[in-house]
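So the protein sequences, as listed, match chains E and Y.
At position 379 of the first sequence the residue is numbered 379 (the numbering used here), and the sequence of numbers has no breaks.
At position 223 of the second sequence the residue is numbered 223 (the numbering used here), and the sequence of numbers has no breaks.
You may find that some hints are simply not true.
[Said to hold, decoys possible] Chain Y side only, calculated, beta carbon under 8 Å to chain E, not exhaustive:
1) Met160
2) Asn183
3) Ala199
4) Glu200
5) Lys227
[Stated by the list, open to error] So the derived label-pair ranges between C-beta atoms look like this:
6) Y:Arg254 / E:Ile256: 51 to 61 Å
7) E:Asp355 / Y:Ile244: 22 to 32 Å
8) E:Arg78 / Y:Glu31: 15 to 25 Å
9) Y:Ile244 / E:Asp314: 39 to 49 Å
10) E:Glu296 / Y:Ser109: 49 to 59 Å
11) Y:Glu184 / E:Gly35: 45 to 55 Å
12) Y:Glu163 / E:Val54: 33 to 43 Å
13) E:Glu56 / Y:Asn210: 50 to 60 Å
14) E:Val54 / Y:Asp208: 48 to 58 Å
15) Y:Ile108 / E:Asp36: 23 to 33 Å
16) Y:Lys191 / E:Gln300: 21 to 31 Å
In case anyone wonders, no lab produced these hints; they're calculated from the structure.
Backbone N, C-alpha and C define an ideal beta-carbon position, used for all residues, glycine too.
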Amino acid sequence: MSIRVIKDKCIGCKICIKSCPFGIITVDNKLAIIGDGCNLCGACVPACKFKAIVIEKEQKATQDYSAYRGIWVFAEQRKGKVEGVAYELLGEGRKLADKLQVPLSAVLIGDKVTEQAKELIAHGADKVYVYDDPILNNFQDDSYGEVFIKLVAEEKPEIILIGATSIGRSLAPKIAFRIRTGLTADCTGLEVDPLNRNLMQTRPAFGGNIMATIICPNYRPQIATVRHKVMKKAARDAGHKGEIIQKTFDFKSITIKTKVLNIVEEVAKTINIAEADIIVSGGRGLGAPENFKLVEELAQVLGGAVGSSRAAVDAGWMPYSHQVGQTGRTVCPKLYIACGISGAIQHLVGMQSSDVIIAINKDPQAPIFKVATFGIEGDVLQILPALTKQFKKVLGGDY
Amino acid sequence: MNIIVCIKQVPGTTDVKISEKTNTLVREGVESIINPFDVYAIEEAIRIKEKIGGKVTILSMGPPQAKEAIKEAIAMGADDGILLSDRAFAGSDTWATSYTLSMGIKKISAYDLIICGKQAIDGDTAQVGPGIAESLGLPFVAYVRKIEEIKEGYIRCERMMEEGYEAIEMSLPALITVVKEINEPRLPSLKGMMRAKKAEITAWTAQDLNAEPANIGLTGSPTQVVKIFSPPARPGGEMILGEIGEQAEKLVTRLRELKIV
């Protein structure tokens, strides 16, 4: 595999120099030279009007993957209860399964979790593979990983979707590395090509500034971790029929080298932002930490959660668990109210899929207005109390 | 305790744009830095060394200029560094990168703990750390926010989760990936910078690693990027005008119409 310039075709026009994202192409004596540090991104290949730059890739012996069929969803559970993200994966997995005309299966691993399989079936799973064992009580990369890897080898799915949670993003690379297949992290869009059965996986990179679509054409299964709260949850249909397949694993065959000693929950008593339908968020535009109480008052009237920009967390005004954005939580509420948040891209990628966004900011040029459904330009310290008052008036109740 | 820290040199900003003309990334004039999450990994390794003794080796894969990033780590207090650099590594996805780095670690051979940052700020995948561990058959814990105890053959640490944390113990050798909550990285000292200036960075090629050609670079990468594009913009919104009381009233009315509240 290599990149080269075909001497006879290159006329030294220098167009390729501009196309190189890394600035390592030079032209000397009317011939393009690709310098050290080329990572074969391929940007220069289509840019060259004379087809003078080629990337030659040794073809991997095409393996027959026709035995790999079906869509799988990892039914992540915590404390015996399946997480919301698994139902989102079932919603998305159903679409893919219907397009490829294959069954949709869920993999449920844990202790005393069999009862949950029925819920997975009601949400569209045609099959549920269940490993129910006290050893599998808590998530551990080695135990869950070995169980999953063995099942993949036995059943050969073509696509596996895993929630991009801290558990999913730890488990998935272990599985993908061992099976020797592709893994795409933190996807926000999935499409499948019914002809070649390739999964087109779209994900943000560079902190959300760039979107990339990635495929895994020569290996199976194709594995993706999928961002929470981006896909719509599967609808519940109590009449949907499915099969529960009880599986066992011989844990004597592996050495478990890690041990979970205890699990500590730290979330503040307020509503968890990842699950809230309404979020009122504050940023540095509030001017001082004590002004967060205006945000809290509005959130309380609306029965919503309090979010925060990274800047306000970094300033020590709010704990990290409230942070919305690339390095905090991705949220997708029905209503998101951004108060004094300018809208850095890192914040926007964490909340822009909210149904309705309200932005309150004194700077009319603030990027937050670009994603807002409704915008109010002005002093957030005056507008917030007025809004709280108005909501109280129309919503009634005793606050 | 022999500690290996895997680092990546990345563009100093995530504020990159796509050129509409060429549909590729515009990275002109952007300086390179050590991936910020890896700086926490370097700091943690140095702290362990200061506490219980040992050696900190920096390992990176990249073009020859990535030596600068390794030198920066030495300036912070790492002992030495190795750069895996070969045009055959170009185009690596996370699978091939994990494989290549693990081959480098195998060649180093003496190690108790491998530390990686949780993810790089350009790719944002968080997959290479766990991939290296799997390639070496090591236990690992991702998203570590605190090392509670570390001694010969044993580590106890806290994994950051969405709703809190988990205390986990494992045997060494092992791998951890760390989050920014773990420490406050130091700045390089003057003495460190002098040492870094003189430091010789070992460079290993694919051949030095005895790497399987089918597992490295573009050929060894199962995934392919087929398209990059700017995120779609949301349709333009509606500005609510008027006096403050009026604005509040209009907005609440609009939300009631949409049955949001």
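Hints, one by one, checked against the model:
no.: 1; hint: Met160; verdict: holds, 7 Å
no.: 2; hint: Asn183; verdict: violated, 15 Å
no.: 3; hint: Ala199; verdict: violated, 21 Å
no.: 4; hint: Glu200; verdict: violated, 19 Å
no.: 5; hint: Lys227; verdict: holds, 4 Å
no.: 6; hint: Y:Arg254 / E:Ile256: 51 to 61 Å; verdict: holds, 56 Å
no.: 7; hint: E:Asp355 / Y:Ile244: 22 to 32 Å; verdict: holds, 25 Å
no.: 8; hint: E:Arg78 / Y:Glu31: 15 to 25 Å; verdict: violated, 42 Å
no.: 9; hint: Y:Ile244 / E:Asp314: 39 to 49 Å; verdict: violated, 30 Å
no.: 10; hint: E:Glu296 / Y:Ser109: 49 to 59 Å; verdict: holds, 56 Å
no.: 11; hint: Y:Glu184 / E:Gly35: 45 to 55 Å; verdict: violated, 38 Å
no.: 12; hint: Y:Glu163 / E:Val54: 33 to 43 Å; verdict: violated, 51 Å
no.: 13; hint: E:Glu56 / Y:Asn210: 50 to 60 Å; verdict: violated, 24 Å
no.: 14; hint: E:Val54 / Y:Asp208: 48 to 58 Å; verdict: violated, 28 Å
no.: 15; hint: Y:Ile108 / E:Asp36: 23 to 33 Å; verdict: holds, 24 Å
no.: 16; hint: Y:Lys191 / E:Gln300: 21 to 31 Å; verdict: violated, 55 Å
Consistency with the previously given hints fails for numbers 2, 3, 4, 8, 9, 11, 12, 13, 14, 16, ordered from lowest to highest.
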